[in-house]
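Asks: Now for the letters of each chain:
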Amino acid sequence: MTPAEIRDEIIDILEDISPDEDLDGLDDQKPFRDQLELDSMDFLDIVMELRKRHRVQIPEEDYGNLASMHSTVTYLEPKMKDI
Amino acid sequence: MYDTIIIGAGMSGLAAGIRLAHFDQRVCILERHYTIGGLNSFYRMGGRDYDVGLHAMTNFARKGDKRGPLAKLIRQLRFGWEDFKLAEQIGSSIRFPDVSLDFTNDIELLESEIASRFPDQIDGFRTLCGSLLDYSDMDGGSPEFMRSAREVLAEHLSEPLLIEMLLCPLMWYGNAREDDMDFGQFCIMFRACYLEGFGRPYKGVRVILKNLVRKFRGLGGELKLRHGVSRIHVEDGRAVGVVLDDGTQIEGKRILSSAGNIETMRMCDDITTPEVARAGKLSFIESISVLDRDPKELGFDRTIVFYNDSDKFHWRRPDDTLCDARTGVICSPNNYIYDSDEGELPDGVVRITTLANHDRWCELPENKYLAEKVTQYDAAVASAVRFMPDFRSNVVATDVFTPKTIRRFTFHDNGAVYGAPEKQLDGCTHLPNLYLCGTDQGFVGIVGAIVSGISMANRHCLMDS
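Chains as they are written, first to last, in UniProt numbering: chain A, 1 to 83; chain B, 1 to 465.
The shape of chain A in the complex, shown without the other chains (with noise of 0.2 angstroms):
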């Protein structure tokens, strides 16, 4: 997958978990947090997703670096570039 792959899937993960947020506006650069209502529970769901669907697995002291879109997709980069 190229980063911009991944960062669809990643929105196609954001829409299945929040179908009522605007994702359209969202900066890359900005934290989740900061433009959604996302908890820790919804920050699970995104690993969870990602194992589901593409067998990433994303051990737990990592979770930090999926804190915005752009340090999600950088992170995801090397873990997805074979799928």
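Warning: the hint list may mix true and false statements.
What the hints assert, rightly or not - Computed list of lysine-lysine pairs in DSS-like fashion (alpha-carbon distance at most 27 angstroms, straight line):
1. B:Lys281 with B:Lys253
2. A:Lys81 with A:Lys52
3. B:Lys85 with B:Lys66
4. B:Lys404 with B:Lys368
5. B:Lys215 with B:Lys253
6. A:Lys52 with B:Lys215
7. B:Lys312 with A:Lys52
8. B:Lys253 with B:Lys63
9. B:Lys66 with A:Lys30
10. A:Lys79 with A:Lys30
11. B:Lys203 with B:Lys281
12. A:Lys52 with B:Lys404
13. B:Lys253 with A:Lys52
14. B:Lys224 with B:Lys404
15. B:Lys85 with B:Lys215
16. B:Lys224 with A:Lys52
17. B:Lys281 with B:Lys215
As the list claims (entries may be wrong) - These stretches of chain B come out as covered by chain A in the derived footprint (C-beta under 8 angstroms, 3 or more residues):
18. 224-231
19. 456-463
What the hints assert, rightly or not - Partial pick of chain A residues on the chain B-facing surface, computed with a CB cut under 8 angstroms:
20. Ile17
21. Asp20
22. Asp24
23. Glu37
These are computed hints drawn from the structure, not numbers from a lab. Ideal Cβ positions, reconstructed from N, Cα and C, are used throughout, including at glycine.
Since the structure of chain A is provided, determine the placement of chain B on it from the hints.
Replies: This is chain B only, laid out in the frame that chain A set:
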């Protein structure tokens, strides 16, 4: 071999099952009863639908609300708002002998009611509201959580009657402890009842349960009714599976039990006498009256009335009598603001819940049990009509369920509706792969039970798999 075996097909077990099945676990829910729902169930009798448990769903939220437990559970279970479609309450009341406080899903009404009935208490009420714990403090970590709610209330309010009145609905809707409440539990219930408020789906609790089951099965989850778990089989300090009432063995990597703390311990075959963790004692009877008209035509438009017939609210199991009708909850499912395309409910219904003693009900021989259901129905209604219009000449059908009924539906000790007073907030047990969810883990009520199932599934069954 299942990834997770869930004991009990109530709200918490079904919600946990959905989470696990959604993330591709092999999961099986085992339920001893012949129907789903546990405490929150439903039945049909004489051509009419009846609900057990649900008066109102607390934690009301409107479509689009993103905060609060209801929004959270809808997201976590991948439901849409339409799946729960809650109609808002018309309005509820707390009625004591000489004073009544009305409230709705907008806290401003309760505030103005307090300002007019107890003018010198309104500032204290506001500081109390400001001191409530947030839901994020509810994992039991806050030192405030285990404080006495009465003690905290007395720091803000000097009028004992107002303290009793505020406690009455919150204890009725979610307090397993007699006389007093943990402040954390008080905060949960205060938010659930006063800040968020009441709603109900037009078709009652069955809609919620059917949606949960449909979703669970649609994800490949297995639900087995009439499959009671008699033992949890333990080997080398781990649960390895369960043994059913008929002797069948089922293996699982982990077990999540909504059977109750002490009830679950008793099933473990490494425990001979379950220690401490006293079971709850508070149980209820419910006296249901079907009327020949909508209660509003009799001048009763209240969704819920919490009444108490003296200035002191007694939240205790009656020790020497079958029931205690000095305090009670009157609920009319007609008194919600249903959508015009749904219309009004087919029957007028008044449900009255009063305190009851499980052991005394269960000791009664069958003929006496049936006679007492009639006697205690009359007593509950006679008590309630002091706080609402007398509807007794309009009754066309009645039913009563007792602590014995509740026990049959839930298999919880003592027919305890809100479980044990001591909650196991982290859901852990003496075994590393056996966990608790449901009333004895923490949150109560329908929304609370579902949140319990979700959070225990997330914490213990998804993170480490």
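Asks: A separate judgement is required for each hint: does it hold in the structure or not?
Replies: Evaluation of the provided hints:
1. B:Lys281 with B:Lys253: violated, 33 angstroms
2. A:Lys81 with A:Lys52: This hinted pair holds, its Cα atoms lying about 17 angstroms apart.
3. B:Lys85 with B:Lys66: Distance of about 15 angstroms is within 27 angstroms: holds.
4. B:Lys404 with B:Lys368: It holds: about 13 angstroms lies between the C-alpha atoms, which stays within 27 angstroms.
5. B:Lys215 with B:Lys253: holds, 23 angstroms
6. A:Lys52 with B:Lys215: holds, 18 angstroms
7. B:Lys312 with A:Lys52: violated, 55 angstroms
8. B:Lys253 with B:Lys63: violated, 38 angstroms
9. B:Lys66 with A:Lys30: Between Lys66 (chain B) and Lys30 (chain A) the Cα gap is close to 20 angstroms, so the pair holds against 27 angstroms.
10. A:Lys79 with A:Lys30: The hint holds at about 22 angstroms.
11. B:Lys203 with B:Lys281: Answer violated: Lys203 (chain B) to Lys281 (chain B) is near 31 angstroms, above 27 angstroms.
12. A:Lys52 with B:Lys404: violated, 44 angstroms
13. B:Lys253 with A:Lys52: holds, 19 angstroms
14. B:Lys224 with B:Lys404: With a Cα-Cα distance of about 23 angstroms, the restraint between Lys224 (chain B) and Lys404 (chain B) holds, given a limit of 27 angstroms.
15. B:Lys85 with B:Lys215: Holds, at roughly 16 angstroms.
16. B:Lys224 with A:Lys52: holds, 26 angstroms
17. B:Lys281 with B:Lys215: violated, 34 angstroms
18. 224-231: violated (count 0)
19. 456-463: Answer holds; 3 residues pass the 8 angstroms Cβ test.
20. Ile17: holds, 6 angstroms
21. Asp20: Holds, about 6 angstroms.
22. Asp24: Constraint on Asp24 (chain A) not satisfied, violated at 17 angstroms.
23. Glu37: holds, 4 angstroms
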